[in-house]
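Whole structure, please, built from the sequences with the hints as guidance.
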Amino acid sequence: DTGVSQNPRHKITKRGQNVTFRCDPISEHNRLYWYRQTLGQGPEFLTYFQNEAQLEKSRLLSDRFSAERPKGSFSTLEIQRTEQGDSAMYLCASSSGGGSSGNTIYFGEGSWLTVV
Amino acid sequence: QKEVEQNSGPLSVPEGAIASLNCTYSDRGSQSFFWYRQYSGKSPELIMSIYSNGDKEDGRFTAQLNKASQYVSLLIRDSQPSDSATYLCAVSPRGGSQGNLIFGKGTKLSVKP
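Going down the list, the sequences are from chains F and H.
Going left to right, the first sequence walks through residues 69 to 184 as our numbering numbers them.
Going left to right, the second sequence walks through residues 665 to 777 as our numbering numbers them.
The set of hints was computed from the structure by calculation and includes no laboratory data.
Where a beta carbon is used, it is the ideal one built from N, C-alpha and C, also for glycine.
Just to be clear, a hint being listed does not mean it is correct.
What the hints assert, rightly or not - If you want the footprint, here are the derived chain H segments under chain F, 3+ residues with CB under 8 Å:
no.	stretch
1	709 to 722
2	745 to 757
3	768 to 776
Said to hold, decoys possible - Here are the computed distance ranges between Cβ atoms for each label pair:
no.	chain 1	residue 1	chain 2	residue 2	range
4	F	Val184	H	Gly680	44 to 54 Å
5	H	Glu721	F	Gln152	40 to 50 Å
6	H	Ser704	F	Arg83	21 to 31 Å
7	F	Glu96	H	Lys666	21 to 31 Å
8	F	Glu136	H	Ser684	36 to 46 Å
9	H	Lys706	F	Thr88	14 to 24 Å
Take a look at the structure:
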């Protein structure tokens, strides 16, 4: 399978705990994105990497959230001191960044977070 | 505030009919436009992208873009029950990174057999 891979697919955690999600993008894609989606809403942009550089962060990304892409390949999204409002599906996506279709992004299957 | 607006629906059409989904956006400088399909509990799946005014056809799907009216639409011909899903309109705003897409809330489509 050469699509975007995310894990874990589901995570239930107690409020106040830290959680980390991993994303492996499509292998030839140098751009990687994190989005968050809650019920009844469209995905909301969180942050974007080009290779290992984090180039853009949404104001939605509070200081409890941190994302890394240390070698320009896989990425992690960590949420510290989780709150019930963090319950959502966290979507990773990637794009090649080149050519006329380079800004077309492809999503992974998502990681569902439930904070209890 | 850059926005993308969609009618949340549900839009109900009989099998075999044409489903018409509409989307408006606020940023006049937007360059790229996308339609994603999302089944319940699943992640968004790209259906169509469109970059210039006019129509773009792909199988049973036609995307239409009118930048002057800031309007994007998706037509689904010969609708099938398997088309029942939420359809998300997404726009790449001017000044944003390519891929920093702004999504609408989606229109839920139900195709009745």
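Evaluation of the provided hints:
1. 709 to 722: Since 4 is at least three, the answer is holds.
2. 745 to 757: holds (count 3)
3. 768 to 776: holds (count 3)
4. F:Val184 x H:Gly680: 44 to 54 Å: Given a distance of about 45 Å, which is inside 44 to 54 Å, the answer is holds.
5. H:Glu721 x F:Gln152: 40 to 50 Å: The hint (40 to 50 Å, Cβ to Cβ) holds, given that Glu721 of chain H and Gln152 of chain F are roughly 45 Å apart.
6. H:Ser704 x F:Arg83: 21 to 31 Å: holds, 27 Å
7. F:Glu96 x H:Lys666: 21 to 31 Å: Since Glu96 of chain F and Lys666 of chain H have Cβ atoms about 30 Å apart, the given range 21 to 31 Å holds.
8. F:Glu136 x H:Ser684: 36 to 46 Å: holds, 43 Å
9. H:Lys706 x F:Thr88: 14 to 24 Å: Hint holds: Cβ distance 23 Å, inside 14 to 24 Å.
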